[in-house]
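S.K.: Anchor point for the sequence shown: position 32 equals 32 in the numbering used here, and the numbering is continuous, going up by one each time.
In short, the hints are calculated from the structure, not lab data. Misleading hints may appear alongside valid ones.
Derived lysine to aspartate or glutamate pairs resembling DMTMM-like cross-links, with alpha carbons at most 25 Å apart [as the list claims (entries may be wrong)]:
no. : residue 1 : residue 2
1   : Lys206    : Asp232
2   : Lys206    : Glu226
3   : Lys20     : Asp87
4   : Lys20     : Asp32
5   : Lys20     : Asp144
6   : Lys206    : Asp53
7   : Lys206    : Glu99
8   : Lys206    : Asp269
9   : Lys206    : Asp148
10  : Lys20     : Asp148
11  : Lys20     : Asp81
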Amino acid sequence: MPEHKRARPSNTRQSGDRLKLHRHHLRAAGRDCTLITLRPGTRARFSTNFHHDTWHVLSDPHGARLLSRLLWGLSFQRRPDTLVIIDRRFIDPNPFDAEQGDPIVLVPADLTHLPARAVQHLGRRFPRPGTRSGTVRWHTWGLDVAVDEWRTQQADGTWWQRWRPTADGRAAQVARINGLLTIRARPSLLRVWAVYVATMHDYEHKGMSYTELDGPQWDPCRSDGEVQTFRDYHRRVSVAGISRGEVLAAEDAPGTPAELRPLIWRHNDTVRQRRTAISRSPMDDG
1 MPEHKRARPS
11 NTRQSGDRLK
21 LHRHHLRAAG
31 RDCTLITLRP
41 GTRARFSTNF
51 HHDTWHVLSD
61 PHGARLLSRL
71 LWGLSFQRRP
81 DTLVIIDRRF
91 IDPNPFDAEQ
101 GDPIVLVPAD
111 LTHLPARAVQ
121 HLGRRFPRPG
131 TRSGTVRWHT
141 WGLDVAVDEW
151 RTQQADGTWW
161 QRWRPTADGR
171 AAQVARINGL
181 LTIRARPSLL
191 RVWAVYVATM
201 HDYEHKGMSY
211 TELDGPQWDP
221 CRSDGEVQTF
231 RDYHRRVSVA
241 GISRGEVLAA
251 EDAPGTPAEL
261 RPLIWRHNDT
271 VRQRRTAISR
281 SPMDDG
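Start from the sequences and build out the full structure, keeping to the hints where you can.
M.R.: In C-alpha coordinates, the structure reads:
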(Lines of atoms letter the chains of each structure in order from A and count residues from 1; the text may use other names and numbers.)
(Lines give C-alpha, C1' and ligand atoms only; values in the text may rest on other atoms or scores of the structure.)
Protein backbone atom coordinates (compact mmCIF):
# COMPACT_ATOMS: atom_id res chain seq x y z
CA MET A 1 0.00 0.00 0.00
CA PRO A 2 1.24 3.52 -0.74
CA GLU A 3 2.43 5.48 2.24
CA HIS A 4 0.17 8.42 3.17
CA LYS A 5 2.05 11.45 4.36
CA ARG A 6 0.79 13.28 7.39
CA ALA A 7 0.06 16.96 6.91
CA ARG A 8 2.72 19.16 8.44
CA PRO A 9 1.60 21.74 11.04
CA SER A 10 3.06 24.59 8.98
CA ASN A 11 0.73 23.67 6.13
CA THR A 12 -2.39 22.89 8.13
CA ARG A 13 -2.28 26.23 9.94
CA GLN A 14 -1.55 28.29 6.85
CA SER A 15 -4.08 30.93 5.75
CA GLY A 16 -1.93 33.16 3.51
CA ASP A 17 -1.20 33.36 -0.21
CA ARG A 18 -0.30 30.14 -2.09
CA LEU A 19 -2.30 28.05 0.33
CA LYS A 20 -2.15 24.32 -0.42
CA LEU A 21 -5.52 22.75 -1.22
CA HIS A 22 -6.72 19.51 -2.76
CA ARG A 23 -8.42 19.10 -6.14
CA HIS A 24 -11.03 16.42 -6.84
CA HIS A 25 -12.96 15.39 -9.92
CA LEU A 26 -16.48 14.18 -9.32
CA ARG A 27 -19.42 13.53 -11.62
CA ALA A 28 -22.65 14.79 -10.07
CA ALA A 29 -26.05 14.70 -11.77
CA GLY A 30 -24.47 14.31 -15.19
CA ARG A 31 -21.94 17.10 -14.67
CA ASP A 32 -18.16 16.82 -14.36
CA CYS A 33 -17.26 19.00 -11.38
CA THR A 34 -13.89 20.14 -10.10
CA LEU A 35 -13.97 20.42 -6.32
CA ILE A 36 -11.38 22.31 -4.30
CA THR A 37 -11.17 21.22 -0.67
CA LEU A 38 -9.16 21.82 2.47
CA ARG A 39 -6.39 19.36 3.17
CA PRO A 40 -6.84 16.72 5.91
CA GLY A 41 -5.46 18.02 9.17
CA THR A 42 -6.36 21.64 8.43
CA ARG A 43 -6.84 23.37 11.78
CA ALA A 44 -9.68 25.70 10.77
CA ARG A 45 -13.19 24.72 11.78
CA PHE A 46 -16.55 26.15 10.79
CA SER A 47 -20.22 25.75 11.55
CA THR A 48 -23.51 27.16 10.31
CA ASN A 49 -26.89 28.14 11.68
CA PHE A 50 -30.05 29.97 10.67
CA HIS A 51 -31.08 32.82 12.96
CA HIS A 52 -33.05 36.03 12.42
CA ASP A 53 -33.87 34.84 8.89
CA THR A 54 -30.18 34.80 8.03
CA TRP A 55 -27.76 31.98 7.29
CA HIS A 56 -24.54 32.33 9.29
CA VAL A 57 -21.08 30.94 8.71
CA LEU A 58 -19.45 30.60 12.14
CA SER A 59 -15.76 30.26 13.01
CA ASP A 60 -12.84 31.93 14.79
CA PRO A 61 -10.54 34.67 13.35
CA HIS A 62 -8.22 32.08 11.80
CA GLY A 63 -11.16 30.47 10.00
CA ALA A 64 -12.30 33.87 8.73
CA ARG A 65 -8.86 34.61 7.27
CA LEU A 66 -8.92 31.28 5.49
CA LEU A 67 -12.45 31.90 4.20
CA SER A 68 -11.42 35.29 2.79
CA ARG A 69 -8.59 33.58 0.84
CA LEU A 70 -10.99 30.99 -0.53
CA LEU A 71 -13.44 33.67 -1.71
CA TRP A 72 -10.74 35.84 -3.30
CA GLY A 73 -9.01 33.00 -5.12
CA LEU A 74 -12.32 31.61 -6.39
CA SER A 75 -13.15 34.98 -7.95
CA PHE A 76 -10.28 34.51 -10.42
CA GLN A 77 -11.20 30.94 -11.34
CA ARG A 78 -11.52 30.28 -15.08
CA ARG A 79 -12.48 26.60 -15.21
CA PRO A 80 -16.26 26.01 -15.58
CA ASP A 81 -18.06 23.84 -13.04
CA THR A 82 -15.47 24.52 -10.36
CA LEU A 83 -16.43 25.10 -6.75
CA VAL A 84 -14.92 25.12 -3.27
CA ILE A 85 -16.41 22.88 -0.61
CA ILE A 86 -15.72 22.97 3.12
CA ASP A 87 -16.86 19.43 3.76
CA ARG A 88 -18.08 17.65 6.87
CA ARG A 89 -14.57 16.93 8.11
CA PHE A 90 -14.24 20.62 9.02
CA ILE A 91 -17.78 21.32 10.21
CA ASP A 92 -18.62 21.53 13.93
CA PRO A 93 -21.90 21.59 15.79
CA ASN A 94 -22.80 25.25 16.14
CA PRO A 95 -21.54 27.15 19.22
CA PHE A 96 -25.04 28.09 20.46
CA ASP A 97 -27.12 24.92 20.77
CA ALA A 98 -24.79 22.29 19.22
CA GLU A 99 -27.02 21.46 16.28
CA GLN A 100 -24.80 20.01 13.58
CA GLY A 101 -23.67 22.55 10.98
CA ASP A 102 -23.84 22.00 7.23
CA PRO A 103 -21.03 21.67 4.69
CA ILE A 104 -20.33 24.99 2.93
CA VAL A 105 -20.07 25.35 -0.85
CA LEU A 106 -18.59 28.45 -2.53
CA VAL A 107 -19.79 28.88 -6.10
CA PRO A 108 -18.58 31.31 -8.83
CA ALA A 109 -21.93 32.32 -10.32
CA ASP A 110 -20.53 33.24 -13.73
CA LEU A 111 -18.89 29.86 -14.33
CA THR A 112 -20.71 27.19 -12.37
CA HIS A 113 -24.37 26.29 -12.58
CA LEU A 114 -25.18 24.08 -9.62
CA PRO A 115 -28.71 22.69 -9.83
CA ALA A 116 -30.32 21.31 -6.70
CA ARG A 117 -29.91 17.72 -7.96
CA ALA A 118 -26.15 18.18 -8.32
CA VAL A 119 -25.96 19.67 -4.82
CA GLN A 120 -27.76 16.63 -3.48
CA HIS A 121 -25.21 14.33 -5.11
CA LEU A 122 -22.32 16.34 -3.69
CA GLY A 123 -23.75 16.18 -0.20
CA ARG A 124 -24.28 12.43 -0.33
CA ARG A 125 -21.16 11.31 -2.18
CA PHE A 126 -18.39 13.59 -1.00
CA PRO A 127 -15.79 13.18 0.37
CA ARG A 128 -15.21 9.84 -1.30
CA PRO A 129 -11.94 7.88 -1.51
CA GLY A 130 -10.27 7.96 -4.90
CA THR A 131 -11.61 11.31 -6.11
CA ARG A 132 -8.50 13.37 -5.32
CA SER A 133 -6.44 14.19 -8.39
CA GLY A 134 -3.77 16.44 -6.94
CA THR A 135 -2.69 19.37 -4.81
CA VAL A 136 -3.12 22.97 -5.95
CA ARG A 137 -1.60 26.25 -4.83
CA TRP A 138 -4.39 28.74 -4.14
CA HIS A 139 -3.16 32.10 -5.40
CA THR A 140 -4.69 35.20 -3.80
CA TRP A 141 -2.60 37.92 -5.42
CA GLY A 142 -4.03 41.34 -4.70
CA LEU A 143 -6.00 40.49 -1.56
CA ASP A 144 -3.46 41.96 0.86
CA VAL A 145 -3.25 45.15 -1.22
CA ALA A 146 -7.05 45.45 -1.33
CA VAL A 147 -7.27 44.89 2.43
CA ASP A 148 -4.60 47.54 3.17
CA GLU A 149 -6.32 50.01 0.85
CA TRP A 150 -9.70 49.43 2.48
CA ARG A 151 -8.26 49.87 5.97
CA THR A 152 -6.46 53.06 4.98
CA GLN A 153 -9.60 54.56 3.47
CA GLN A 154 -11.65 53.60 6.52
CA ALA A 155 -9.05 55.13 8.87
CA ASP A 156 -8.73 58.48 7.07
CA GLY A 157 -12.40 58.73 6.13
CA THR A 158 -11.79 58.88 2.38
CA TRP A 159 -13.54 55.65 1.41
CA TRP A 160 -16.55 57.57 0.06
CA GLN A 161 -14.33 59.75 -2.17
CA ARG A 162 -12.78 56.81 -4.04
CA TRP A 163 -14.71 55.69 -7.07
CA ARG A 164 -14.70 51.99 -7.77
CA PRO A 165 -16.88 49.87 -10.03
CA THR A 166 -20.04 48.60 -8.38
CA ALA A 167 -19.89 44.91 -7.57
CA ASP A 168 -22.11 42.71 -9.70
CA GLY A 169 -24.84 41.34 -7.46
CA ARG A 170 -26.61 39.28 -10.12
CA ALA A 171 -27.23 35.67 -9.11
CA ALA A 172 -25.83 36.28 -5.61
CA GLN A 173 -27.34 33.91 -3.09
CA VAL A 174 -26.73 32.47 0.35
CA ALA A 175 -29.09 29.56 0.88
CA ARG A 176 -29.29 26.03 2.24
CA ILE A 177 -29.87 23.65 -0.66
CA ASN A 178 -30.26 19.93 -0.04
CA GLY A 179 -28.25 20.01 3.15
CA LEU A 180 -25.40 22.25 1.95
CA LEU A 181 -25.01 25.96 2.72
CA THR A 182 -24.39 27.42 -0.73
CA ILE A 183 -22.67 30.80 -1.09
CA ARG A 184 -22.86 32.02 -4.67
CA ALA A 185 -21.71 35.28 -6.29
CA ARG A 186 -20.03 36.72 -9.36
CA PRO A 187 -16.29 37.57 -9.23
CA SER A 188 -16.54 41.25 -8.28
CA LEU A 189 -18.86 40.50 -5.36
CA LEU A 190 -16.76 37.52 -4.21
CA ARG A 191 -13.82 39.93 -3.93
CA VAL A 192 -15.85 42.46 -1.96
CA TRP A 193 -16.92 39.73 0.45
CA ALA A 194 -13.31 38.55 0.74
CA VAL A 195 -12.15 42.02 1.85
CA TYR A 196 -15.04 42.39 4.30
CA VAL A 197 -14.32 38.99 5.85
CA ALA A 198 -10.58 39.71 6.03
CA THR A 199 -11.16 43.02 7.88
CA MET A 200 -14.16 42.12 10.03
CA HIS A 201 -12.02 41.78 13.16
CA ASP A 202 -11.08 45.46 12.97
CA TYR A 203 -14.48 46.07 14.57
CA GLU A 204 -14.47 43.33 17.18
CA HIS A 205 -16.76 43.72 20.19
CA LYS A 206 -16.20 41.54 23.26
CA GLY A 207 -14.48 38.90 21.17
CA MET A 208 -17.22 38.77 18.49
CA SER A 209 -17.11 40.08 14.93
CA TYR A 210 -19.49 39.83 12.01
CA THR A 211 -19.91 40.98 8.44
CA GLU A 212 -22.83 40.62 6.08
CA LEU A 213 -22.72 38.78 2.79
CA ASP A 214 -25.00 41.03 0.81
CA GLY A 215 -25.18 42.72 -2.57
CA PRO A 216 -24.41 46.26 -3.74
CA GLN A 217 -26.51 49.04 -2.21
CA TRP A 218 -29.95 49.36 -3.77
CA ASP A 219 -29.34 46.28 -5.89
CA PRO A 220 -31.94 43.53 -5.48
CA CYS A 221 -30.06 40.49 -4.25
CA ARG A 222 -31.16 37.08 -3.09
CA SER A 223 -28.18 36.94 -0.80
CA ASP A 224 -29.01 36.86 2.86
CA GLY A 225 -25.96 35.70 4.78
CA GLU A 226 -23.45 36.64 7.43
CA VAL A 227 -20.04 35.54 8.68
CA GLN A 228 -19.73 35.64 12.46
CA THR A 229 -16.64 34.80 14.49
CA PHE A 230 -15.75 34.43 18.14
CA ARG A 231 -12.31 34.52 19.74
CA ASP A 232 -13.45 31.65 21.97
CA TYR A 233 -15.28 29.79 19.20
CA HIS A 234 -13.87 26.36 20.11
CA ARG A 235 -14.73 26.83 23.79
CA ARG A 236 -18.28 27.82 22.83
CA VAL A 237 -18.65 24.71 20.68
CA SER A 238 -17.51 22.55 23.61
CA VAL A 239 -19.85 24.25 26.09
CA ALA A 240 -22.84 23.96 23.75
CA GLY A 241 -22.15 20.26 23.23
CA ILE A 242 -22.08 19.57 26.98
CA SER A 243 -25.16 21.70 27.51
CA ARG A 244 -27.12 19.92 24.79
CA GLY A 245 -26.27 16.52 26.21
CA GLU A 246 -27.37 17.49 29.72
CA VAL A 247 -30.62 19.07 28.55
CA LEU A 248 -31.49 16.03 26.43
CA ALA A 249 -30.73 13.74 29.36
CA ALA A 250 -33.52 15.30 31.43
CA GLU A 251 -36.73 13.31 31.70
CA ASP A 252 -38.84 16.26 30.53
CA ALA A 253 -36.62 17.19 27.57
CA PRO A 254 -38.71 18.69 24.75
CA GLY A 255 -38.91 16.89 21.44
CA THR A 256 -38.89 19.78 18.98
CA PRO A 257 -35.88 21.94 18.08
CA ALA A 258 -37.86 25.14 18.62
CA GLU A 259 -38.50 24.14 22.25
CA LEU A 260 -35.07 22.64 22.80
CA ARG A 261 -32.87 25.53 21.62
CA PRO A 262 -33.86 28.11 24.27
CA LEU A 263 -33.25 25.58 27.03
CA ILE A 264 -29.76 24.88 25.72
CA TRP A 265 -28.99 28.60 25.34
CA ARG A 266 -29.90 29.16 29.01
CA HIS A 267 -28.07 26.06 30.19
CA ASN A 268 -24.87 27.23 28.45
CA ASP A 269 -24.46 29.79 31.24
CA THR A 270 -24.65 27.04 33.86
CA VAL A 271 -21.99 24.98 32.09
CA ARG A 272 -19.69 28.02 31.72
CA GLN A 273 -20.09 28.94 35.39
CA ARG A 274 -19.36 25.38 36.43
CA ARG A 275 -16.20 25.33 34.32
CA THR A 276 -15.07 28.65 35.77
CA ALA A 277 -15.62 27.41 39.32
CA ILE A 278 -13.59 24.26 38.63
CA SER A 279 -10.73 26.22 37.11
CA ARG A 280 -10.61 28.57 40.11
CA SER A 281 -10.84 25.90 42.78
CA PRO A 282 -7.62 25.32 44.81
CA MET A 283 -5.67 22.19 44.00
CA ASP A 284 -5.96 19.27 46.39
CA ASP A 285 -2.71 19.10 48.35
CA GLY A 286 -3.51 15.68 49.70
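S.K.: Take the hints in turn and mark each one as holding or not.
M.R.: How the hints compare with the structure:
Note on Lys206 and Asp232: the hinted pairing holds, with a Cα-Cα distance of about 10 Å set against a maximum of 25 Å. Our distance criterion of 25 Å between C-alpha atoms is met by Lys206 and Glu226, whose separation comes to about 18 Å. At most 25 Å may separate the alpha-carbon atoms for a hinted pair to count; Lys20 and Asp87 meet this at roughly 16 Å. In summary, the hint linking Lys20 to Asp32 is supported, as the alpha carbons are separated by about 23 Å, within the 25 Å threshold.
For the suggested pair Lys20 and Asp144, the alpha carbons sit about 18 Å apart, so the restraint of at most 25 Å is met. The straight-line distance between the Cα atoms of Lys206 and Asp53 is roughly 24 Å, inside the 25 Å bound, and the hint therefore holds. Restraint check for Lys206 and Glu99: satisfied, since their Cα atoms lie roughly 24 Å apart, inside the 25 Å limit. For the suggested pair Lys206 and Asp269, the alpha carbons sit about 16 Å apart, so the restraint of at most 25 Å is met.
Using a Cα cut-off of 25 Å, the hinted pair Lys206 and Asp148 holds, with the two alpha carbons roughly 24 Å apart. Distance check on the hinted pair: Lys20 and Asp148 sit about 24 Å apart at the alpha-carbon level, within 25 Å; holds. Under the criterion of a C-alpha separation no larger than 25 Å, the hint pairing Lys20 with Asp81 is consistent with the structure, at around 20 Å.
The structure agrees with every numbered hint stated previously.
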